[in-house]
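Just so you know, the sequences run in chain order A and B.
Sequential numbering from 1 applies to the first sequence in this note's numbering.
Sequential numbering from 1 applies to the second sequence in this note's numbering.
Think of the hints as simulated: they come from the structure by calculation, not from any bench.
There may be inaccurate statements among the hints.
[As the list claims (entries may be wrong)] Far from chain A by the CB rule (all over 12 Å, computed), these chain B residues:
no., residue
1, E53
2, I139
3, D261
4, Q333
5, A436
6, N454
[To be verified] The calculated lysine-lysine pairs, modelled on DSSO-like cross-linking and capped at a C-alpha distance of 27 Å, are:
no., chain 1, residue 1, chain 2, residue 2
7, B, K277, A, K174
8, B, K91, B, K200
9, B, K91, B, K235
10, A, K5, B, K4
11, B, K235, B, K80
12, B, K104, B, K150
13, A, K113, B, K279
14, A, K40, B, K91
15, B, K277, A, K113
16, B, K220, B, K126
17, B, K4, A, K4
18, A, K124, A, K113
19, B, K279, A, K174
Please read these numbers as outputs of a predicted model, since none were measured by experiment.
Don't be surprised by glycine CBs; every beta carbon is placed ideally from N, CA and C.
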Amino acid sequence: MDSKKALRIIIALLLIVNVFMAGYIVNLAFSEPDTKDEYKYITEILAYRDIALDCEIPEYAAPSAVITVSSTDNTAVLDYLKEQDGIFSEDENGVITYTPPVTQRYEDLTLEKAAEIADDYVEKLPIGSEAYMLDSILTAGVNEYRFNYIYLDGSSYIYDRKIEMTVSKDGIEKVYIKSLGYTVSDTEYNRPMVSIGNILVSGFTRQGQSLITIKKIDAGYLYDKNTSSIMNVWRVMYNNGQERYFSSIDGTEIIQD
Amino acid sequence: MRKKIVYPLLIVLILVTAFQSFMLINYHSTGRLLPKKVITGPNTVTDVISFEEYLLETYIQPFEITMTTGEGLNVHKVTKESAAYYSQIWKDTVTLLGTISDLKLYEIYDEDKWNEMTGKSGYIVKFGYDCPIEFVNWISGSVNTNNEIKSINKIMILPTSSDEGDVYIKSREMVYRYIGVKLTGLLRQNVFLSIYEELKQESDITYVYLNEVASYENFKGNIEPDATVVIMDDKISIGSIRVAGYELLTECIFNLQIEPDLNNLSPVVTQYISEIKTKLFGVYSDVYKVIIAQNRDLTFSDQYNRYTIHSDGSVTYRYASASYMQEKGEISQAFNNTLSMLTDLTSLSGVMQNELILTSVQINEDSYQFRFSYYFNSYPVMLEQEKHSISITATGDRVISADANLFDISDASLPNDEEDMYDLRTFNILSKNDIALGSIKADSMYIAYIKDENTVLLPSWIIEGDGLTILGLKEAED
Chain A
1 MDSKKALRII
11 IALLLIVNVF
21 MAGYIVNLAF
31 SEPDTKDEYK
41 YITEILAYRD
51 IALDCEIPEY
61 AAPSAVITVS
71 STDNTAVLDY
81 LKEQDGIFSE
91 DENGVITYTP
101 PVTQRYEDLT
111 LEKAAEIADD
121 YVEKLPIGSE
131 AYMLDSILTA
141 GVNEYRFNYI
151 YLDGSSYIYD
161 RKIEMTVSKD
171 GIEKVYIKSL
181 GYTVSDTEYN
191 RPMVSIGNIL
201 VSGFTRQGQS
211 LITIKKIDAG
221 YLYDKNTSSI
231 MNVWRVMYNN
241 GQERYFSSID
251 GTEIIQD
Chain B
1 MRKKIVYPLL
11 IVLILVTAFQ
21 SFMLINYHST
31 GRLLPKKVIT
41 GPNTVTDVIS
51 FEEYLLETYI
61 QPFEITMTTG
71 EGLNVHKVTK
81 ESAAYYSQIW
91 KDTVTLLGTI
101 SDLKLYEIYD
111 EDKWNEMTGK
121 SGYIVKFGYD
131 CPIEFVNWIS
141 GSVNTNNEIK
151 SINKIMILPT
161 SSDEGDVYIK
171 SREMVYRYIG
181 VKLTGLLRQN
191 VFLSIYEELK
201 QESDITYVYL
211 NEVASYENFK
221 GNIEPDATVV
231 IMDDKISIGS
241 IRVAGYELLT
251 ECIFNLQIEP
261 DLNNLSPVVT
271 QYISEIKTKL
281 FGVYSDVYKV
291 IIAQNRDLTF
301 SDQYNRYTIH
311 SDGSVTYRYA
321 SASYMQEKGE
331 ISQAFNNTLS
341 MLTDLTSLSG
351 VMQNELILTS
361 VQINEDSYQF
371 RFSYYFNSYP
381 VMLEQEKHSI
391 SITATGDRVI
401 SADANLFDIS
411 DASLPNDEED
421 MYDLRTFNIL
431 SKNDIALGSI
441 KADSMYIAYI
451 KDENTVLLPS
461 WIIEGDGLTI
471 LGLKEAED
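Turn these sequences into a full structure, and let the hints steer you where they fit.
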């Protein structure tokens, strides 16, 4: 066989393969559901199960980088708290609990004032405060608000780095500071991930008379005690403040204590 | 010439093949034809439970929610034990009140219309008092366009289609009808029907609206048509409860009563007084002087504020300055001030789980008065002489006065003990007490606990009209 003939055969084969693949791809592209239709469908399924969605379903993918646990260092925070009045302790998981002394009474405490008190406090903590974002506010009682701050690394939440505090008429009542040391070991941007749509449809069913409202969905990293590793997760928050985490790699729920 | 075409064509074909292969591999591994850049969403602050929502789940709740599908004598109460339904139906009703406040078209009827409609398939949500429209507007976040409605006592919601229904508002002697109102959440017809079926299966007690009773025409006018009675249930279990004053207050007052020398208080009493002051006033506790009266009432006073703990454990507060007389201000702000005082007073409890519900809102010339009652296991806990345990008068600026009977309430049923069974058949209860329906006035009838000198309380049947008629429940016969 001369080279010209071989070339012709190769070109012909490549043409056939390309036409076939192009047809297949076009078919796949048109059979893919429109995202908006998909979300509408998910919302309807959830509504049928008496689960209301009070937030947008994220259109972004969960972070796919791999991060690993490294040692946690609370020394700076503990040294700072030693200089303050009040009582503090650190448990075996490295969670610091701090009860400041009552120095002022806010008779007309508003949410805005309480948020200001909380922000001021977080700003002063020696833990890279600028990376901690106010995540949620919960009215815990009359003149009593609970603020949650979570660490944001670039565009991903580190759910185990957080500050939780209650502010009442007597100022800050209690502060919990949770830290987690970690390092980025791999950046796998094309790692297969489970979409939040799949998780919402498969992981949420009606439970008795409890009527669930989902207030927030986002993605980040969570330390899983069972595997002693940091998992890529989707977080779903309910209207009572309860949080559920699902692995964005395989969709399984990560049960925390 | 041919070579010039063939080789570039071959290169293009190889590249296209590679690209299409990549798309297909990517599709089968990630579900997408092309890789998507990982971009997480912006940080958003979520108001998980807002203050308004918190209020609708705690202090501001209806007295009663009843429902029937119109099937004769089957009325069920949505109780707080079905917490999720109770709370959500109430929130949906508040949303509905906001919706109808914008509607300009409505029909006006006299009281007979309420009688005519009671028993139709739907919900009746009762405030249990005439709730001023200013307060309703505030909780529903609306501005009322119907100037004729000054207050709302009851709301009847009759779902007519999947997401629409007729709404009747009972305002004093008038009934307002809104037709084809958009219903949301648990008020929608299909959800309403499924909840009814679920509660019907689970409810221990089946009620009947009094207007369904054959002889209702004889006492119409004196007894509200939606007052509920029990016809069949003669063996219903209702537990006993323990109602006692706050330990801190009662111990302090008890020790003060036996104190030999008021000028030289014992360390125990001093400790109690200090603890009460710290809980009430926080860092300002030193500002308040302690005054002990001849009758051993304990008073904390600064220039204008006067808190007194009486020998029976009740607490009163009086604002001594007349400066509040200027303006009563907004009802919402007055209620916020009231709640602030209420939480200060209830902080004296070591338990902090006692359920207090708003059971009266009154607009005075120069102030607002809010009253609260205790609830336990879905039943009100009331005083022998009056319905409300706590009464607070406030303006938009401050609280003017408070009168509070503060209780810690707990279950008194013994574990593994046989529960108390009661005969709830209303007509039997009435006849045993020589009461004829035709001779009484009743806005509502219900089961409640009445606080008397005893600490452990058993349930009673209450007829609420101009006053309270308390009828003890008889234990069921074996």
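Here is how each hint holds up against the structure:
1. E53: Non-interface label fails for E53/B: nearest chain A Cβ at 7 Å, not farther than 12 Å.
2. I139: 15 Å, holds
3. D261: Since the minimum Cβ distance to chain A is about 32 Å, D261/B lies beyond 12 Å and the statement holds.
4. Q333: Since the minimum Cβ distance to chain A is about 10 Å, Q333/B lies within 12 Å and the statement is violated.
5. A436: 40 Å, holds
6. N454: Fine: 31 Å to the nearest Cβ keeps N454/B off the interface.
7. K277/B with K174/A: 21 Å, holds
8. K91/B with K200/B: 22 Å, holds
9. K91/B with K235/B: Violated - the C-alpha atoms of K235/B and K91/B are around 33 Å apart, more than 27 Å.
10. K5/A with K4/B: 16 Å, holds
11. K235/B with K80/B: 21 Å, holds
12. K104/B with K150/B: 16 Å, holds
13. K113/A with K279/B: With Cα atoms ~22 Å apart, K113/A and K279/B stay inside 27 Å; holds.
14. K40/A with K91/B: Distance of about 25 Å is within 27 Å: holds.
15. K277/B with K113/A: Holds, at roughly 25 Å.
16. K220/B with K126/B: Roughly 19 Å between the alpha carbons, so the hint for K220/B and K126/B holds.
17. K4/B with K4/A: Holds, because 13 Å separates the two Cα atoms, which is no more than 27 Å.
18. K124/A with K113/A: Status holds; Cα separation ~17 Å.
19. K279/B with K174/A: Holds: K279/B and K174/A sit about 17 Å apart, inside 27 Å.
The structure fails hints 1, 4, 9 (numbered hints given earlier, in ascending order).
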